[in-house]
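**Student:** Just so you know, the sequences run in chain order E and B. Following my numbering, the numbering of the first sequence begins with 1 at its first residue and continues without gaps. Following my numbering, the numbering of the second sequence begins with 1001 at its first residue and continues without gaps.
None of these hints come from the bench; they were simulated from the model. Quantities reported herein were computed from a predicted structural model and do not represent experimental measurements. Backbone N, C-alpha and C define an ideal beta-carbon position, used for all residues, glycine too. Just to be clear, a hint being listed does not mean it is correct.
Facing chain B, a subset of chain E residues (Cβ under 8 angstroms, in silico) [stated by the list, open to error]:
(1) Q10
(2) G17
(3) A22
(4) N36
(5) H42
(6) S255
(7) S256
(8) K309
Here are the computed lysine-lysine pairs in the DSS-like style, where the Cα-Cα straight-line distance is at most 25 angstroms [said to hold, decoys possible]:
(9) E:K33 / B:K1252
(10) E:K260 / B:K1537
(11) B:K1439 / E:K298
(12) B:K1211 / E:K260
(13) B:K1121 / B:K1211
(14) B:K1252 / B:K1292
(15) E:K200 / E:K318
(16) E:K116 / B:K1006
(17) B:K1512 / B:K1431
(18) B:K1121 / E:K260
(19) E:K301 / E:K329
(20) E:K260 / B:K1029
(21) B:K1422 / B:K1439
(22) B:K1507 / E:K33
(23) B:K1029 / B:K1006
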Amino acid sequence: MSFQPVKFYQTGTFTVGNRLLAPEERSVQASGKRFNSINSGHRACQGCGEALGARYAIDAAMEATQGQLICANATGCLEVFSTPYPETSWQIPWIHSLFGNTAAVATGVAAALKIKQKKNPRAQEIRVIAQGGDGGTTDIGFGCLSGMFERNDDVLYICYDNGGYMNTGVQRSSATPPAARTATTMAVGPEPGNVFGQGKFVPAIAMAHEIPYVATATVADLRDLEAKVRRAMEFRGARYIHILVPCPLGWGTYSSETIKMARLAKETGIFPVFEAEHGEIKSALAIRRQLPVEDYLKPQKRYAHLFGKQPNVAVIAKLQALADRNIRKYKLLEGV
Amino acid sequence: MTMMDKPFAITLDPGSSLANRTGSWRTYKPIYLDRLPPCNATCPAGENIQGWLFHAESGDYEAAWRSLTENNPLPAIMGRVCYHPCEGACNRQHVDSAVGINSIERFLGDEAIKRNWQFVKPATQSGKRVLVVGAGPSGLSAAYHLARLGHTVEIQEAGPFAGGMMRFGIPKYRLPREVIEAEVQRIVNLGVTITLNTKVSNIEASMQAGKFDAAFLAVGAHIGKRAYIPAGTAAKVVDAISVLRSMEGEEKPMLGRRVVVYGGGNTAIDVARSVKRMGAEPIIVYRRTRDKAPAHDFEIEEALQEGVMVKWLSTIKQAEEGEITIEKMALDDKGFPQPTGEFETLAADSVVLALGQDVDLGLLDGVPGLDVKDGTVQVGPNMMTGHAGIFAGGDMVPSERTVTVGVGHGKKAARHIDAWLKGETYAPPPKHEVAAFEKLNTWYYSEAPHVVRPTLDILRRQSTFEEVVGGLDESNALFEARRCLSCGNCFECDNCYGVCPDNAVIKLGPGKRFSFNYDYCKGCGVCVAECPCGAIKMVPEEN
Ligand SMILES: Cc1cc2nc3c(=O)[nH]c(=O)nc-3n(C[C@H](O)[C@H](O)[C@H](O)COP(=O)(O)OP(=O)(O)OC[C@H]3O[C@@H](n4cnc5c(N)ncnc54)[C@H](O)[C@@H]3O)c2cc1C
Ligand SMILES: Cc1ncc(C[n+]2csc(CCOP(=O)(O)OP(=O)(O)O)c2C)c(N)n1
Ligand code: SF4
Ligand code: SF4
Ligand code: SF4
Ligand SMILES: [Mg+2]
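Extracted from the complex, chain E is given alone in its bound form (with noise of 0.2 angstroms):
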């Protein structure tokens, strides 16, 4: 039975963990020694994709850096769960911002170590994140960030996309997928939930900037998570990555369900997970078990006008087209 590779750990690098790996190969996740960048006794909701999402990158950036490191956060839930003054979850030196301006606040700790460095070159040095929701990252905050990406400032900025500003009651951002119900979408009149055609999709915007990497991620994938950050880290100049967090209240979906949602977001081509360099993409996490966007759809009630008495079939076609779009493009069932 030459042909079986003879390495086969049972789950493989699918798990957090895996007892049959060397340590090494495990998560940053599994260890019992991880930073817990983001500390217990947050108000985050029950099962946040968020704070799982925040956590799972900012301890991967703290391994990468060896704890050397400063984060700037926008305003959002990550920020008000987080950190209710004068208490915080955080247990890295961070720094709260505005709700628009975490990228340029980021920009200038970054120019500041840059002269500290400078005088005391035998420091050890320091390295900076900026973080925030979709809205202040695709919306309010989108023209700090670009100038961030044109001036190439030595930062990682990292989004966690739930889609929609969840913080002040879940209106519409425009990274809000269509059809999507949100308080400013609502499902009601011909065209029920968020429209189709507008929005962005600012992981290709920040590829058109030519900055040095940009990724896509979901907290459904920890070990492409890791890697795509612990390879940011190898980079100087501006970075990018855009995490998919669901969120069980925005979403309406159950608690337990988080990572889950992820996955099909994943599986079904919704969301593609990817990563490019200076413009290039490099490579995309392949879909292992293809599914149609309804099995992502039908457990969100943010989608629930859609599978009324009759299934809006329509509309489905419109959300499989676009998830078809995105496997031709980022060639999701090959992987690169």
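Fit chain B with the ligands to the known structure of chain E by using the hints.
**Tutor:** For chain B with the ligands alone, kept in the frame of chain E given last:
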């Protein structure tokens, strides 16, 4: 620090969110549990399959073998002849195909023989003496477990070798005799006495003579059932069990070239395949169809591959010297075979009847309290017969007749005998709920096709008694073991620890699994949903 010492606009020290016990939000809480894997639930010998596979997965074959033999002392035998109902229940069949539990069991059994692993002797002796009658699988299993519990055990066996039907029924090409000998010898090394060529003809007398405190009977079922077939005086009609038994001796049976085997069970198949190997041309005659035959389909398939002929839907009407007459049957709408009045003659030098076996209950004559029904001895849930202190198991009690069931009976009886000797009753621990497939999250398991065992080439299968089915080697046994999903039992994948948005899972270190920090667990259930093997569940919080 006074307010004056703080930086501009700062009035309070930064506090940690740990002060905020979010556990109070919870209405449901996750708890760890061990669910019963379906393989374990199905194994007639009560093996903890998931438990020993866990060790095999990490390449610790000795620990795996030791865990396996907690329940079954005969893994090299089981790994060859067990019909592995466990694999029929294995959850992995719903992913791709069942884990090859039986092939890994055989690998462990063979590894133990190769490396001469021995059983650990009990620390203390009870001073009690138990007589086991019959050295078949059931008797051997009972003796092994009783010896491990510290009792002095003697097996009295009528035949010249230990093994029972494993030796005198199951052919060599399925179970090499060295394998039986090695596993029996290991039980002897543990301290069990086996007295061969000693037929017990009166159980009470034998118990008295040897001052035994209890007895376990496992005499099997050895008397071939006869069917009335009108036969000429010169016709040669013999029973399958005596044919198979004589294969073991010096004088091979004289059956001629054309051998008709009558019956559709595993015994019929074994006889036909055996005589094929001796150069004869066997034809099986069976009154129903292939799918209705009691023989396992894989055995029928192997026989057909080797050139055994089968007449389905046929009964023998008459046997004469050199030929038999068979009648064609047809199944009625209830699936029963009915005669059609259509006849055929077949050349036949001999007819071998493989129609099942009866139990020889001679040794129980005159024992008070016994309950014998349909030729088998009735036992209670504790395997005790109606006569206090006499227990029984295996083929002689009503049950499915397999090696594995016999081994299971032996273990169960040993536990009850042990309790009975102490004046106690044995209460088995409560069974965990079954880890049904729906409890698993199979996303996390890597794709891995089943490893198929090698088989001997067809020419050698037709002419020699060499073993037909080969074993796995180290690398593919390891691979196969790692296909196990660890249903219902934590295998320390760290998923719960990783996926909790609230860091509310505490990692206790290798082998120690995890616990929950209920001060902060909000009860979201993500850990439950993402545990691959179903080892966590949500339960309502008491107010
Ligand atoms: C041809 C054939 C093939 C089979 N193949 C398989 C198989 O592949 N897999 C499987 O699981 N099962 C198989 N079976 C069934 C299996 O062999 C039996 O179910 C099993 O051996 C029963 O075990 P036992 O311990 O109850 O009895 P046995 O194995 O029959 O052992 C009973 C022992 O008691 C001894 N004995 C009997 N009377 C006395 C006495 N008065 N005093 C002292 N000793 C006595 C006998 O000599 C014998 O050694 C097969 C059976 C046959 C006939
Ligand atoms: C300039 C400004 N406008 C509005 C707000 C109110 N506000 C706080 S958080 C938030 C929404 C945040 O949405 P997003 O960035 O997507 O983060 P999420 O809460 O969804 O994680 C808004 C509108 C603000 N803090 N500042
Ligand atoms: S996958 Fe493993 S634990 Fe589950 S039924 Fe199969 S062998 Fe048993
Ligand atoms: S994931 Fe964490 S918070 Fe959610 S139920 Fe499990 S332990 Fe509790
Ligand atoms: S998620 Fe993994 S580590 Fe946690 S209980 Fe399940 S098997 Fe064990
Ligand atoms: Mg948002």
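**Student:** All the hints need checking, so say for each whether the structure fits it.
**Tutor:** Hint check results:
At a threshold of 8 angstroms, the smallest CB-CB gap from E:Q10 to chain B is about 4 angstroms, leaving the interface hint in force. At a threshold of 8 angstroms, the smallest CB-CB gap from E:G17 to chain B is about 3 angstroms, leaving the interface hint in force. Evaluation of the E:A22 hint against chain B yields a violated restraint, the C-beta minimum of about 12 angstroms exceeding 8 angstroms. For E:N36, the shortest C-beta to C-beta distance to chain B is roughly 5 angstroms, which falls under 8 angstroms, so the interface hint holds.
The closest approach between the C-beta of E:H42 and any C-beta of chain B is roughly 5 angstroms, which is under the 8 angstroms cut-off, so the hint is satisfied. Residue-level restraint check for E:S255 holds (minimum Cβ-Cβ distance to chain B is 4 angstroms; threshold 8 angstroms). The criterion of a C-beta within 8 angstroms of any C-beta in chain B is met by E:S256, whose closest approach is roughly 3 angstroms, and the hint holds. Because the closest C-beta pair between E:K309 and chain B is about 28 angstroms apart, greater than 8 angstroms, the hint is violated.
Distance hint between E:K33 and B:K1252 is unfulfilled; the C-alpha atoms sit about 70 angstroms from each other, more than 25 angstroms. Restraint check: the Cα-Cα separation between E:K260 and B:K1537 comes to about 17 angstroms, which is no more than 25 angstroms; the hinted pair holds. Taken as a hint, the B:K1439 and E:K298 pair is honoured in the structure, with Cα atoms around 21 angstroms apart against an allowance of 25 angstroms. Among the hinted pairs, B:K1211 with E:K260 is inconsistent with the structure: their alpha-carbon atoms are about 66 angstroms apart, more than 25 angstroms.
Restraint check for B:K1121 and B:K1211: the C-alpha separation of about 23 angstroms stays at or below 25 angstroms, so the hint holds. About 32 angstroms separates the Cα atoms of B:K1252 and B:K1292, which puts this hinted pair outside 25 angstroms; it is violated. A threshold of 25 angstroms between alpha carbons decides the hint, and for E:K200 with E:K318 the separation of about 17 angstroms falls inside it, so the pair holds. Restraint check for E:K116 and B:K1006: the C-alpha separation of about 23 angstroms stays at or below 25 angstroms, so the hint holds.
Using a Cα cut-off of 25 angstroms, the hinted pair B:K1512 and B:K1431 holds, with the two alpha carbons roughly 22 angstroms apart. Annotation: proposed proximity of B:K1121 to E:K260 is violated, straight-line Cα distance about 51 angstroms (limit 25 angstroms). For the suggested pair E:K301 and E:K329, the alpha carbons sit about 29 angstroms apart, so the restraint of at most 25 angstroms is broken. Annotation: proposed proximity of E:K260 to B:K1029 holds, straight-line Cα distance about 20 angstroms (limit 25 angstroms).
Annotation: proposed proximity of B:K1422 to B:K1439 is violated, straight-line Cα distance about 41 angstroms (limit 25 angstroms). Taking the CA atoms of B:K1507 and E:K33, the gap is about 10 angstroms. The hint holds against a cut of 25 angstroms. For the hint linking B:K1029 to B:K1006, the alpha-carbon distance of about 42 angstroms lies beyond 25 angstroms, and the restraint is violated.
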